[in-house]
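Q: Residue numbers (this note's numbering), protein chains in the order written: chain H, 4 to 221; chain F, 283 to 519.
Honestly, the hints are just simulated from the structure, not real lab data.
Nothing here was measured: the structure is a model prediction, and the numbers come from that model.
Incorrect hints may have been included.
Computed list of lysine-lysine pairs in DSS-like fashion (alpha-carbon distance at most 30 Å, straight line) [what the hints assert, rightly or not]:
| hint | chain 1 | residue 1 | chain 2 | residue 2 |
| --- | --- | --- | --- | --- |
| 1 | F | Lys-425 | H | Lys-28 |
| 2 | H | Lys-57 | F | Lys-422 |
| 3 | F | Lys-422 | F | Lys-294 |
| 4 | F | Lys-302 | F | Lys-356 |
| 5 | H | Lys-28 | F | Lys-413 |
| 6 | H | Lys-57 | F | Lys-294 |
| 7 | F | Lys-452 | F | Lys-432 |
| 8 | F | Lys-386 | H | Lys-188 |
| 9 | H | Lys-188 | F | Lys-491 |
| 10 | F | Lys-382 | F | Lys-452 |
| 11 | H | Lys-202 | F | Lys-422 |
| 12 | H | Lys-9 | H | Lys-28 |
One letter stands for each residue in the lines below.
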Amino acid sequence: MLKIQKMLVGAMARLDETMVMNLVKQGLQMGINPYVLLEEIRIGTDRVGELYSKGEYFLSDLIMASEIFKEVLTLVNRDRVVTAVVSYPTVIFGTVEDDIHDIGKNITTGIMRYNGFDICDLGVDVPGPKFVEAIEQYNSRVVCLTGLITEAFDSMKNTITLLKEAGLRSRTTVIIGGLVNESVKNYTGADYWATDCTKVNELCRNILVNNKRIMQSS
Amino acid sequence: MRTAILACQTLKAELALAIKETKVDFPIIYVESGLHKTPELLHKRIQEEINRIDNVDVILLLFGYCGNSLLGIKSDRTKLVLPKVDDCIPLLLGSCEARKNIAKEMGTYFLTQGWLEYEDNLLREYDRCIKRYGQSRTAKIMKIMLGHYKRFMLIDTGAYPVETVLPQTKEFAERLNMCHEVTPGSLRLFYKLLQGEWDEEFLVLEPGKAVAMSDICSGNNQQEFSQTTALQLCANK
């Protein structure tokens, strides 16, 4: 691994925006594949997530990581024509009715877009029928329902009931995210639950590309 | 009946006022603030404290469900009583309905003195951001963080002089270009909990019974919901 790549991981983990941008510019000038640079950034963001879990970073730092990530993407895309290596079917996202929390959703959709997913983000406080409409419109196979407050659990459950009533449930995999766990999954009738963006990314890849369902683990 | 209270530290001033007014003399154990951000940690701390409490017949839990923090909480030898609220906001406003009505007006971020004093709160995060990332980046981060919130609302619970925190919260709102309002709170759920008026607004768990998902979620209006939305779907087609 080149020195610049190693430094990039560290700079991202430290959330040193100036250093990250300079290293990416240098890397591009040296002819390093932009995907290699982006992968180092991704490893750096994983470290940011670990530090957040340990209580050393805060929510604002997660947002900062996401902002740096976006800027790097813009820079890379400005200098070169970068297209996704793979293309996945559209994944529908939305914060369910009665809830407006969306930071985790926004970070997840950002990372997933970088990984080549087409995302339809319906926003926040999304009524159940809107999810049904979007699934029909995009012929989607995966829907991610997110929420942070307790009321969101009933909204998730109600949305899944609607999918059944619309005859879409059997062909649609439902992932719930936010403050969720196995109990919430069982209560709402979802297929999977996730509390971090990497897991959602992997779940979607497995479902849409490998066409397989995986065992839920914590 | 021998009673103990296990409460979130953020509610300390309000609980002190309610205890003074109801004249109960139950021992209180406080759980440190801020754990709700990691529900597993809050769950662990509450359960640890419950397991430690001995020689009482009932433990009053002054917490909301706080995500899933309360899910699975139980005591093998003591009755547990807790208000049926999502988090501490309905506790301070007096009901879930009151919070819902305010939130319907616009996205509202609630504050109290306890929140400012004990929690690793938004104002502290702002100061930390300024030091670390500077003014312009902080403004952007705060815009993302506050997302759909349009208003700060200071809850006047009667347990602290509002004027001591008002300048700080008002100035913060102005800096972030948010509306600022003060709303009267209500400690009626505190009083009911302390005075043993455990009606349908409270969850009463006998020894050995744990807080279940069905306790946390209302599951209300499922049939009504399905009928209404089915009609909406038909209309949309």
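Q: Please go over all the hints and tell whether each is borne out by the structure.
A: Tested hints:
no.: 1; hint: F/Lys-425 <-> H/Lys-28; result: holds, 28 Å
no.: 2; hint: H/Lys-57 <-> F/Lys-422; result: holds, 25 Å
no.: 3; hint: F/Lys-422 <-> F/Lys-294; result: violated, 34 Å
no.: 4; hint: F/Lys-302 <-> F/Lys-356; result: holds, 28 Å
no.: 5; hint: H/Lys-28 <-> F/Lys-413; result: holds, 26 Å
no.: 6; hint: H/Lys-57 <-> F/Lys-294; result: holds, 27 Å
no.: 7; hint: F/Lys-452 <-> F/Lys-432; result: holds, 13 Å
no.: 8; hint: F/Lys-386 <-> H/Lys-188; result: holds, 27 Å
no.: 9; hint: H/Lys-188 <-> F/Lys-491; result: holds, 21 Å
no.: 10; hint: F/Lys-382 <-> F/Lys-452; result: holds, 23 Å
no.: 11; hint: H/Lys-202 <-> F/Lys-422; result: holds, 27 Å
no.: 12; hint: H/Lys-9 <-> H/Lys-28; result: holds, 15 Å
Of the numbered hints listed earlier, the single one contradicted by the structure is hint 3.
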